[in-house]
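Please construct the entire structure, taking both the sequences and the accompanying hints into account.
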Amino acid sequence: MFKSACRVPIVPTCRIFRFSTKAKPSYANGKRSQRSTRRTFLTSFVAASGLVGLAHLSTDRESPIRFTQNEATSSPDADQFDYTRLSSYTDPLRHSAIATSRSSRVVTCALLCFNDYRVVLGQNEKQENPDERARSLAKCHKQCAERVLKVMEGLGGIYIKLGQHVSAMSYLLPEEWTSTMTVLQDACPPSSIESLREMFLLDTGKHLDDVFSAFDPDPLGVASLAQVHRATLRSTGREVAIKFQHPSLREFCKVDLDTTRFCFQLIKRIFPDFSLTWLSDEMDISLPQELNFTIEGENAVLTRRHFQSIRGSSLYVPQVIWAEPRILVLEYIQGRRVDDLAYLAQHGIDRNEVSAELARAFNEMIFFAPALHCDPHGGNVFIRPRPATGSHSRHNFEIVLLDHGLYREIPLALRRDYARLWLAIIKGDEEAMRLYCYKVAGVKDDQFPLFASAITGRDYTALQKGISQVPRSDDELKRINSAVGQGLLQQLVDMLAHVPRILLLLLKTNDLTRALDESLQTTTGPERPFIILAKACTRVVYEEDIEVAKQHGSVLSPMSLWARLKAVFRYYPMLLYLHVGELVSIYKAKKNTRQAALAGPSPIAAAA
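In terms of UniProt numbering, the sequence shown opens at residue 1 and continues consecutively.
What the hints contain is simulated information worked out from the structure, not anything from laboratory work.
Small disclaimer: the values here were computed from a predicted structure and weren't measured.
For glycine and all other residues, C-beta sits at the position ideal for the given N, C-alpha and C.
Check each hint, because a few of them may be wrong.
Straight line, CA to CA, 20 Å or less: simulated PhoX-like cross-link-like pairs of lysine-lysine [claimed, not checked]:
#1 K535 <-> K566
#2 K535 <-> K427
#3 K427 <-> K439
#4 K550 <-> K566
#5 K139 <-> K126
Label pairs and their calculated CB-CB ranges [unchecked claim]:
#6 P411 <-> R234: 39 to 49 Å
#7 Y577 <-> L220: 43 to 53 Å
#8 V183 <-> R594: 32 to 42 Å
So, in structure tokens, the structure goes:
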């Protein structure tokens, strides 16, 4: 189905960045000693970062840069200078210089941040006022986050991707870090059209104009790893979207990953109780997959096929037309971000139903689909009015899921334990919660409240009151951030370093879908998404019970028949109960909407 080609990528012109050591921390006593410490740090570790870049000249066997192999030929005139041989060294030397500069800039930034934290944490040990300690640490968080953001924006590539991961880690990192990195969701620099044309020719053997009769040079969107352009196929006249990988990525991907790993190892060495090496480990696994668009094409085909088989599903996956490792051609879809409230109001799309369909779609992927889409941020989830023909949606809209590069298969045993964990959370059954937290993540009793808060994004007191009954308030978010600032962050990092990697992606997916749901500003409250989740989890348990019943023999076997009947009488009454609960939630939402309409037009409707 897909074309696959491994070809030498282009080496685009890159700017060599210079780093500076002039930045000073905001919190200091004894500036001279700090400058001395900083110089010592920078002298040693910037040299190390340079070695990271230089190592790629000799050890990166998959580097696109190569020395010439034609050593057998020699000039008849020994005194004549061989300019062709000199030119063969130009690219490797250039590659090494830029790689060294990139890694040096990153490590310099990391060391400046380390020094700021060292100073602030040292001062906080002498500070008796807890409010002053919190303010000082928050200021340090913000300053360091802005410094890192500037470097990530300057270097682009996988650093933008890393920043996007950080922005989604509100369950782990302080608010100053996650909010600062949020701008990276939409602020990605585009690659030049010339570099895209050259890459297309290199990867396909054809000129862009030979394949497409029309090509819009203005990108529809630019992401950290790729950008998308609108075009028309010359062969069929069909409008398509072409996803181009940024040509510069492959050249520096390896050195950037090595630098990132080096920095995380440095964090662990300087702050032994704060290890984030699992984040770089996950990038080592996921990034090569995301950089191979044939894998993305296969993921999209599987997900499209799965949701086409579900009657009434509102999720739509664009058709894949063809794929190369760095180029993906898809069906062109018109739509907007799912959280564009003015667009929803303009087309008469009910935000409550959009929220419900999002919950159904991602619960389906977590518990039943072949694999899970692990990057559902707002830029990857679009919405459009339902087409007049060919749609399976039972509503007046379709949710369009984009960017299928980051997928994970969830083992069946984990799906089942995860479903039972959520049922325990929804019911408020603490004993069952503790049991399945241990089964899912190996979390013991002393870490249980922390893990339960991480997986739900809620304060533990809210879990005790009933998570489906109490919406997440601003005060609750402040309590969570305050707890993180008072030492829980270290415990959380230590705990997450030991849980299964797939669970980290589940946490990330939960957090992203939760943020999408909150951005829709629904009137149903927290009940309906949890009712939909409970339906999916109850179905998982029912299917497991039926599978166990089959092990007792045929349906005519008394043991098997009794086990099946028990499963049926547990499942269907619960399903009916949940269905009634969802109808009540819908009724309340409509009542709230009518009351709001009587009170006057909303700002969203006015904007539309």
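Please flag the earlier hints that this structure goes against, numbers listed from lowest up.
none
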